[in-house]
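Working from the sequences, and respecting the hints, build out all of it.
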Amino acid sequence: MKQNKWHLLSNERIAERVWKMVLTGDVSGIVPGQFVELLVPGHYLRRPISVCDVDGDRLTLIYKTVGQGTVIMSQMRPDEKLDLLTCLGNGYDMSKAEDEVLLIGGGVGVPPLIYLAKKLREGGKRVHVVIGFNTKSEVFSEEMFLNLGCGVDVCTIDGSYGKHGVVTDVLKKSAPYYFACGPMPMLRAIVQTIGTNGQMSMEERMGCGVGICVGCSIETKNGMKRVCKEGPVFDVECLMLNV
Amino acid sequence: MKVRLKDIILKNPVIPASGTCGFGVEMSEWMDLNILGAISIKGTTREARQGNARPRIAECGATGMLNAVGLQNPGVEEVVRHEIPELRRLYDGPIIANVSGFSIEEYAYVCERIDKETDATILEVNISCPNVHNGGMAFGTSPEAAAEVTGAVKAATRKPVFMKLSPNVTDITSIARACVDAGADGLCLINTVLGMRIDIRHRKPVLANRYGGYSGPGVLPIALRMVNQVSKACPGTPIIGCGGVSSEEDVIEMMMAGASAVEIGAAGLRNPKACQTIIEALPRAMKELKIEHLEDIIGIVNNE
Ligand SMILES: Cc1cc2nc3c(=O)[nH]c(=O)nc-3n(C[C@H](O)[C@H](O)[C@H](O)COP(=O)(O)OP(=O)(O)OC[C@H]3O[C@@H](n4cnc5c(N)ncnc54)[C@H](O)[C@@H]3O)c2cc1C
Ligand SMILES: Cc1cc2nc3c(=O)[nH]c(=O)nc-3n(C[C@H](O)[C@H](O)[C@H](O)COP(=O)(O)O)c2cc1C
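Chains as they are written, first to last, in the working numbering: chain A, 1 to 243; chain B, 244 to 547.
Please keep in mind that the hints were generated in silico from the structure rather than gathered at the bench. Any given hint could turn out to be false.
[To be verified] If you want the ones that stay clear, here's a sample from chain A, every Cβ over 12 Å from chain B, calculated:
{"hint": "1", "residue": "Ser10"}
{"hint": "2", "residue": "Gly149"}
{"hint": "3", "residue": "Gly195"}
[To be verified] In silico lysine to aspartate or glutamate, EDC-like type, Cα no more than 16 Å apart, as pairs:
{"hint": "4", "chain 1": "A", "residue 1": "Lys2", "chain 2": "B", "residue 2": "Asp275"}
{"hint": "5", "chain 1": "B", "residue 1": "Lys359", "chain 2": "B", "residue 2": "Asp414"}
{"hint": "6", "chain 1": "A", "residue 1": "Lys2", "chain 2": "B", "residue 2": "Glu272"}
{"hint": "7", "chain 1": "B", "residue 1": "Lys254", "chain 2": "B", "residue 2": "Asp424"}
{"hint": "8", "chain 1": "A", "residue 1": "Lys5", "chain 2": "A", "residue 2": "Asp57"}
{"hint": "9", "chain 1": "A", "residue 1": "Lys64", "chain 2": "A", "residue 2": "Asp99"}
{"hint": "10", "chain 1": "A", "residue 1": "Lys64", "chain 2": "A", "residue 2": "Glu138"}
{"hint": "11", "chain 1": "B", "residue 1": "Lys516", "chain 2": "A", "residue 2": "Glu12"}
{"hint": "12", "chain 1": "A", "residue 1": "Lys2", "chain 2": "A", "residue 2": "Asp99"}
Values in this document were obtained by computation on a predicted structure and should not be read as measured data. Here a beta-carbon is modelled for each residue, glycine too, at the ideal position from N, C-alpha and C.
Here is the structure:
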């Protein structure tokens, strides 16, 4: 865990209710799959947001406005100073990836996969991405993945963009090792469709984000685990998703 | 900045509160534990507990939070074998072992195990738990039950026993008196205030457990009032003040209300370095307020 002041460079809307924030500060030690905890004025608890990209001393976060905290985030202006905890959680274990890797994301579960895709590409892996959204106006990140040299399938539930349907409609049974992040129904459907050979990010309400309050603990096959500390990324085999 | 809890000397009054600092070791990643006055570790029960269903955390605007963690802990054997010895390797100050139970026997058993197997310094007995043999009413809501737990625990250990009181009562002084009369060496208050939040979009409670414990800045006035009432009702009994403390000024205020030392809970979840920041800021605040020794201000508002 590191606590630092960050400088807001830009904060812009990139899709319906989805915003992208770029900050500069101490990026040392941050790995894909980790998250940050951001203090929001007028709110007691910090907001957990996944690391979407690190480039030089720049950190990118992509977030959806869902409640008061994220709405206040969307109103922040360049030059503001933000208080962040960084290097939180375990991140994706990329050593398990074979030459060909599958990334699966839904909605604002997509952001952590962007930095992961970048690192996997740097490691010479072939990366195929399947991302799903409700509708065309909510779609983001397709270009970022294409620019990284990934193959990309975009699905929308209403068929207004890309393939008509959900991510699992595109997945084949013989899928390679995968990394996934998204809403729980999507994660369950992934396990039903292609099995447990991968890693997934879990999301839970957190008190501290640093492992001291056990507010976010989930039951796994290896006992109680803190999403903020032993997670947010877990081997799918260890999870009890009630599939 | 030195203070005393009975015969135990703390280098300063700042203690991370039970449930908000794990077993202490977790915090060593960003803080030198030896700067702390003492450390109060996560509440321990006889068996391991998984705690309540999720979500078990809810925010309350700028004023604090609710928790319904439900005493998730690895059970007393694990705590005496691993957690306390591991903390001891990193930390040489007073360790406060926080104990919970759902029956009188469980409280006594857990205290006895910790007494026998560890060098924990103080036992802090959380009586906010429901009594399974009495319709689930919390021990800490009746003077008789509180006294019964105190007596049983005192018989099980020679370590100093601090009873940690629940604020969810009509008259905190009667509970405090009952504990002191039953042999408590000190008191710790307050635990969390029972509360609720509702998700108005989904028309249901935010917490899976429906209700949870409110803590953070919003409870400071309640904690100050209760600490002060108890300090008057139980003169000479050391009190660890807890509830809503977030700054060096709050520490001083809590001590002026009657506390000999101060626990910091929710503030340490918002800012993991809160205890360190407060300890570092205390000397300057003392100087500004012309406080030479912190012990001089304990309960000073009672001298009017
Ligand atoms: C490890 C992790 C990574 C995340 N990464 C992203 C991301 O990259 N982009 C993104 O848009 N969202 C992400 N989220 C979800 C994001 O934290 C919530 O959307 C956000 O906290 C909502 O805050 P709010 O004040 O707008 O909502 P409110 O509902 O008003 O928040 C009230 C309280 O509940 C908490 N809360 C509400 N929804 C969630 C949730 N889904 N998960 C955890 N806590 C919640 C808030 O933090 C706050 O304490 C992540 C969550 C976790 C746990
Ligand atoms: C997440 C969380 C877990 C807690 N767990 C315990 C516990 O195990 N035992 C206990 O006696 N008090 C527990 N408490 C209560 C705190 O120790 C403290 O009494 C209370 O939160 C009030 O202080 P605060 O306002 O500084 O948080 C817990 C509080 C929180 C927020």
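Status of each hint after checking the structure:
1. Ser10: Given that every Cβ of chain B is farther than 12 Å from that of Ser10 of chain A, nearest at about 27 Å, it holds.
2. Gly149: Per Cβ check, Gly149 of chain A is outside 12 Å of chain B; nearest 37 Å; holds.
3. Gly195: Given that every Cβ of chain B is farther than 12 Å from that of Gly195 of chain A, nearest at about 26 Å, it holds.
4. A:Lys2 / B:Asp275: 14 Å, holds
5. B:Lys359 / B:Asp414: Violated, at roughly 35 Å.
6. A:Lys2 / B:Glu272: Holds - the C-alpha atoms of Glu272 of chain B and Lys2 of chain A are around 9 Å apart, at most 16 Å.
7. B:Lys254 / B:Asp424: 29 Å, violated
8. A:Lys5 / A:Asp57: Cα-Cα ~13 Å, so holds.
9. A:Lys64 / A:Asp99: Roughly 32 Å between the alpha carbons, so the hint for Lys64 of chain A and Asp99 of chain A is violated.
10. A:Lys64 / A:Glu138: 10 Å, holds
11. B:Lys516 / A:Glu12: 31 Å, violated
12. A:Lys2 / A:Asp99: Violated, at roughly 33 Å.
This entry does not satisfy hints 5, 7, 9, 11, 12, going by the numbered hints stated previously.
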